[in-house]
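*Asks:* Protein chains in written order, with this note's numbering: chain C, 1 to 402; chain D, 1 to 402; chain R, 1 to 143; chain E, 1 to 143.
It should be emphasised that the hints constitute simulated quantities derived from the structure, not laboratory data.
Don't be surprised by glycine CBs; every beta carbon is placed ideally from N, CA and C.
Treat each hint with caution, since some may be false.
Claimed, not checked - Capping the alpha-carbon separation at 30 Å, the derived lysine-lysine pairs in DSSO-like fashion look like this:
(1) 233/D x 101/E
(2) 69/C x 43/D
(3) 43/D x 8/C
(4) 49/R x 237/C
(5) 299/D x 43/C
(6) 31/R x 232/C
(7) 237/C x 233/D
(8) 43/D x 31/C
(9) 131/C x 202/C
(10) 31/E x 260/D
(11) 36/R x 69/C
(12) 43/C x 391/D
(13) 17/R x 69/C
(14) 260/C x 31/R
(15) 391/C x 43/D
What the hints assert, rightly or not - Beyond 10 Å from chain C on every Cβ pair, some chain E residues (computed):
(16) 13
(17) 92
(18) 103
(19) 114
(20) 119
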Amino acid sequence: MDPYILKKDFPILDDKTLIYLDTAASSLKPKQVINKLEEYYEKYSTNVHRGVYNLSYVATEMYEQSRRKACEFINADFDEIVFTRGASSALNIVASSYGLNNLTSDDEIIVSELEHHSQVLPWQNVSNITKAKLVYVPLNKEGRITIENFKKVLNNKTKVVALNYVSNVMGYVTPIKEIIKLSHNVGAIVCVDAAQAAPHKKIDVKDIDCDFLAFSGHKMLGPTGIGVLFGKKELLKEMPPIEFGGDMNDNVNLYDATWKDSPYKFEAGTPPIAGAIGLGAAMDYINDIGIENIAIHEKKLKDYTVSKLLEIEDVVIYNKDAETGIISFNINSVHPHDAVTFFDGDNICMRAGHHCAQLIIKWLKVVATLRVSFYLYNTIEDCDRFIESVKNARDFFKSAGF
Amino acid sequence: MDPYILKKDFPILDDKTLIYLDTAASSLKPKQVINKLEEYYEKYSTNVHRGVYNLSYVATEMYEQSRRKACEFINADFDEIVFTRGASSALNIVASSYGLNNLTSDDEIIVSELEHHSQVLPWQNVSNITKAKLVYVPLNKEGRITIENFKKVLNNKTKVVALNYVSNVMGYVTPIKEIIKLSHNVGAIVCVDAAQAAPHKKIDVKDIDCDFLAFSGHKMLGPTGIGVLFGKKELLKEMPPIEFGGDMNDNVNLYDATWKDSPYKFEAGTPPIAGAIGLGAAMDYINDIGIENIAIHEKKLKDYTVSKLLEIEDVVIYNKDAETGIISFNINSVHPHDAVTFFDGDNICMRAGHHCAQLIIKWLKVVATLRVSFYLYNTIEDCDRFIESVKNARDFFKSAGF
Amino acid sequence: MNDLELLYRQVIMEHYKNPRNKGLLDDPTYKAVRIKNPSCGDDITVQTKVENGVIKDIRYDGTGCSICCSSASVMSETLIGKLKEDAMTITETYLNMLTNKEFDTNVDLEEAIVYRGVNKFPARIKCASIAWKAFEGTIEESE
Amino acid sequence: MNDLELLYRQVIMEHYKNPRNKGLLDDPTYKAVRIKNPSCGDDITVQTKVENGVIKDIRYDGTGCSICCSSASVMSETLIGKLKEDAMTITETYLNMLTNKEFDTNVDLEEAIVYRGVNKFPARIKCASIAWKAFEGTIEESE
Ligand SMILES: Cc1ncc(COP(=O)(O)O)c(C=O)c1O
Ligand SMILES: Cc1ncc(COP(=O)(O)O)c(C=O)c1O
Chain C
1 MDPYILKKDF
11 PILDDKTLIY
21 LDTAASSLKP
31 KQVINKLEEY
41 YEKYSTNVHR
51 GVYNLSYVAT
61 EMYEQSRRKA
71 CEFINADFDE
81 IVFTRGASSA
91 LNIVASSYGL
101 NNLTSDDEII
111 VSELEHHSQV
121 LPWQNVSNIT
131 KAKLVYVPLN
141 KEGRITIENF
151 KKVLNNKTKV
161 VALNYVSNVM
171 GYVTPIKEII
181 KLSHNVGAIV
191 CVDAAQAAPH
201 KKIDVKDIDC
211 DFLAFSGHKM
221 LGPTGIGVLF
231 GKKELLKEMP
241 PIEFGGDMND
251 NVNLYDATWK
261 DSPYKFEAGT
271 PPIAGAIGLG
281 AAMDYINDIG
291 IENIAIHEKK
301 LKDYTVSKLL
311 EIEDVVIYNK
321 DAETGIISFN
331 INSVHPHDAV
341 TFFDGDNICM
351 RAGHHCAQLI
361 IKWLKVVATL
371 RVSFYLYNTI
381 EDCDRFIESV
391 KNARDFFKSA
401 GF
Chain D
1 MDPYILKKDF
11 PILDDKTLIY
21 LDTAASSLKP
31 KQVINKLEEY
41 YEKYSTNVHR
51 GVYNLSYVAT
61 EMYEQSRRKA
71 CEFINADFDE
81 IVFTRGASSA
91 LNIVASSYGL
101 NNLTSDDEII
111 VSELEHHSQV
121 LPWQNVSNIT
131 KAKLVYVPLN
141 KEGRITIENF
151 KKVLNNKTKV
161 VALNYVSNVM
171 GYVTPIKEII
181 KLSHNVGAIV
191 CVDAAQAAPH
201 KKIDVKDIDC
211 DFLAFSGHKM
221 LGPTGIGVLF
231 GKKELLKEMP
241 PIEFGGDMND
251 NVNLYDATWK
261 DSPYKFEAGT
271 PPIAGAIGLG
281 AAMDYINDIG
291 IENIAIHEKK
301 LKDYTVSKLL
311 EIEDVVIYNK
321 DAETGIISFN
331 INSVHPHDAV
341 TFFDGDNICM
351 RAGHHCAQLI
361 IKWLKVVATL
371 RVSFYLYNTI
381 EDCDRFIESV
391 KNARDFFKSA
401 GF
Chain R
1 MNDLELLYRQ
11 VIMEHYKNPR
21 NKGLLDDPTY
31 KAVRIKNPSC
41 GDDITVQTKV
51 ENGVIKDIRY
61 DGTGCSICCS
71 SASVMSETLI
81 GKLKEDAMTI
91 TETYLNMLTN
101 KEFDTNVDLE
111 EAIVYRGVNK
121 FPARIKCASI
131 AWKAFEGTIE
141 ESE
Chain E
1 MNDLELLYRQ
11 VIMEHYKNPR
21 NKGLLDDPTY
31 KAVRIKNPSC
41 GDDITVQTKV
51 ENGVIKDIRY
61 DGTGCSICCS
71 SASVMSETLI
81 GKLKEDAMTI
91 TETYLNMLTN
101 KEFDTNVDLE
111 EAIVYRGVNK
121 FPARIKCASI
131 AWKAFEGTIE
141 ESE
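Turn these sequences into a full structure, and let the hints steer you where they fit.
*Replies:* Here it is as structure tokens:
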């Protein structure tokens, strides 16, 4: 893959001075995805599943074709893919439908301080309501979830394991396949937050054998407002819907109703049709490049940048050995929000804050971090300009008296 | 307003033979809205509320500006507008957060057989769980909710009234302001399903004094995957969030967390950013024309069409006196799905089915209806071609032996 | 004949108005499968009785448009008395024909051939399929 | 001086490193208001004591970037000792200046004028506002 050629697909990068290093928050969009959205709105912008006229049939076909693409993308079956508003919504469905209906005060839920709020807060809620105990995997000194530490908290009471596949702050890859195997041995189900994995890493739900898995479109070249929940058929089948109405029901009587089968049971109301269709186009784009190639490219950029940052005095890196394209760091005694304004002045977009993951920020004992995240449209020149900017920022703030 | 000029704004209507009469399911989109989506994806496709760099600031401003537009559109205050995935999601928040937490087996919930599934099923669920009694307003012989009948079911036990503002099958306007006043007199709150009202009718939440109100973007020229929940400040303030994670929290600890204030408390995760921004553009478009002008235009087309349909033998109209642009009808002894294929052959898009409102279909004692719904891009010529097509359909099916 | 006339051919109308084998039996030797078409409310239940590898009987009931109801009637008439394998081959061929896939023209679809016209109306393919798919389901159940 | 240097002027740094009036008091005669900036985690609490229409004292505490913390210190120094009405006028003028609105240049903002440069950095306007908004809040509370 050639990032110099790929860059041309991203209209926002027509601004040649722009260096976008905030993909972990949301990725840029290629024209192939934008055009697909336009196609829906300009050619067949009708509702799905409802009309028996041709345009509506076309919209329905396109919508369901995206579901098939999502199936292939993570090796799932058709009725295992629920379209949601995003990863957060997807994880909430698991907690509210599976969690609230299957856990009791005898049970334990394993999470970690490395989780995004969307994977920890839904389970806090389940724990509050069901009195199931919330248990944290101790992180190793690098801040990783290790098998060794996971074994310390896994036991026969564990009913749910809710962990990330790739951390959005540390960029570490969780040894999820082995964790799933161990969890199944004690009869626990595993819900995987793949929001940072899906854009960057080949996922095979059959191979890792996860029970649930969630990700978002907007972080992988797709539109906002669309996400995917994978759930094993047998599990989805037994789970009650969380939202009611629209298209998710079968027969409706005055005082009772029956539901459609999965996935429709979980898709109440008019779905994000354009979003789903756009996500299909995003998956096509990624498949054309090959997700493994993307991963290699990101890792290369990240390793290069880390090696250069390490040479700069006053820079602290929190995750230098991460396997993916994320770097969390700070400049000594400069508040990250001050630093990020400097980078913004150089037209470099990057995050400063707690990245919706306050627990790991607290674990790191910092107020916030700067975060850089690479994707397929970044180049070595982007890294060089960023590194130069870090040096200048450091000099500027030091001379200003920080 | 001149529908012949407006038509030109809708790229899908470049196909001059297309007659779109299914707006009640989903409206077509003008280029102004499509362009706005493109603008977001091509110029500042970043996440909101999170970045402190300029592009993200722009995205956040645009997103929040849409919220202000929604405020003006229905005369609400800023913190009373929650962006949701759609009307269905919005109504579910009310039922799950307000309903499940405030009702008991001593209470009653008033709904009607004229409701869309998205307004009746969430309250069936609340009734199942809380044992609050679900009570149906008897419809008058036209199929309307009348004040007289409403008074028969309203009493001191009524805690929630959940009704539509405009019916998606019958097109009737509910006397909602008076219903709200009566309901407040007995201490009940009122949740209004305005999915079919917002695109066609000036809404003033302060004037009607509703407690909650919901509508969808895609039915009013906006994108799919975006909707609005209005809730009175004091109510939203006391309500627990339904989804957890992402951006809705304040401080997060290992075993507890606090929430942001409304509306953010109800917007977990990355919101449908492009959808919200597109909805803002849709509201601008409607405001430019003037929603009252749209209503007059639709009513004119509907009255004209009804008068012509009434002259055709074998046509049964179920709602001839509706105040809005919706006609529900059938051709005697022709199944609506057969009929709709005929219309499709004439490139006329319309709905056949139960319109996600099985209760009113059962009330009408039919298997399904045909439905025509008009909007600003329809013209008298559309009506004439439709009427011609009805005649031909009738002749065709009769000669085929129906 | 235009496409629409082709779709609503005499034979379809005939079966729509005079359905054969309609009405379910309360007999445990039949396998039953119900299929609905969520997009339009068609709802068909098919019962099949297989004996010694032969389709002894097919019954069905339900509601739907003319395409849906008539195709259930035609399906029952076409398949009753056939060897199970032959019935399955006919069903597969029929479904391929509907969806514009390649299909073996040597297989005799008998009256069911009149549904050929449905492939011009993609939104109606499901209507013409569900009775046959339900039949397939009953055979799979019995295996 | 470029925009960034303008933003991080000497006086801002001085207040950032040597904050005045920092630390809250446990005294019920003070009105307190806390404001957070959800987008970046700035979190400031301001306490104000008003006596006979005069701002007798302002205290604050919290965390945040240099713009946020220093502006709280500058705000306290600028407003302590002013008549309540004058303090409110200064606050309003300051906030208008930040957001590029028209503002009365006759109002003496004293040291707070150095935050003029913030309007070049829209993403940071909130940082420079929240201490002042919290002050406004304490006055509204006391009314
Ligand atoms: C690891 C992780 N999980 C979950 C989410 C939530 O995704 P969304 O905001 O799209 O719902 C994110 C995105 O911020 C994330 O990085
Ligand atoms: C009256 C009414 N309420 C609610 C809805 C649900 O809206 P959505 O499908 O956009 O969630 C609809 C749309 O079909 C409707 O017509």
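*Asks:* For every hint, state whether the structure bears it out.
*Replies:* Status of the hints after comparison with the structure:
1. With a CA separation close to 29 Å, the supplied pair residue 233/D and residue 101/E stays within the 30 Å bound.
2. A threshold of 30 Å between alpha carbons decides the hint, and for residue 69/C with residue 43/D the separation of about 28 Å falls inside it, so the pair holds.
3. Only pairs whose Cα atoms come within 30 Å are accepted, and residue 43/D paired with residue 8/C is accepted, the gap being roughly 14 Å.
4. About 29 Å separates the Cα atoms of residue 49/R and residue 237/C, which keeps this hinted pair within 30 Å; it holds.
5. At most 30 Å may separate the alpha-carbon atoms for a hinted pair to count; residue 299/D and residue 43/C meet this at roughly 27 Å.
6. Between residue 31/R and residue 232/C the CA atoms are separated by roughly 28 Å; this keeps the pair inside 30 Å, and the hint holds.
7. For the given pair, residue 237/C sits about 38 Å from residue 233/D by alpha-carbon distance, which is inconsistent with the 30 Å threshold.
8. Taking the CA atoms of residue 43/D and residue 31/C, the gap is near 12 Å; set against the 30 Å cutoff, the hint holds.
9. Distance check on the hinted pair: residue 131/C and residue 202/C sit about 36 Å apart at the alpha-carbon level, beyond 30 Å; violated.
10. For the suggested pair residue 31/E and residue 260/D, the alpha carbons sit about 22 Å apart, so the restraint of at most 30 Å is met.
11. Our distance criterion of 30 Å between C-alpha atoms is met by residue 36/R and residue 69/C, whose separation comes to about 25 Å.
12. A threshold of 30 Å between alpha carbons decides the hint, and for residue 43/C with residue 391/D the separation of about 28 Å falls inside it, so the pair holds.
13. Between the alpha carbons of residue 17/R and residue 69/C the distance comes to roughly 42 Å, so the proposed pair goes past 30 Å and is violated.
14. Simply put, residue 260/C and residue 31/R have alpha-carbon atoms about 22 Å apart, close enough for the 30 Å limit, and the pair holds.
15. With a C-alpha separation of about 28 Å, the suggested pair residue 391/C and residue 43/D falls inside the 30 Å cut-off, and the hint holds.
16. For residue 13/E, the non-interface assignment is contradicted: its Cβ lies about 4 Å from the closest Cβ of chain C, within the 10 Å cut-off.
17. With a least CB separation of 25 Å from chain C, residue 92/E remains clear of the 10 Å interface cut-off, as annotated.
18. Taking the minimum C-beta to C-beta distance to chain C, about 23 Å, the non-interface status of residue 103/E holds against the 10 Å cut.
19. Remark: the non-interface label on residue 114/E is consistent with the geometry, its nearest Cβ contact in chain C lying 13 Å away (cut-off 10 Å).
20. The beta carbon of residue 119/E sits about 13 Å from the closest Cβ of chain C, which is more than 10 Å, so the claim that it is off the interface holds.
This entry does not satisfy hints 7, 9, 13 and 16, going by the numbered hints stated previously.
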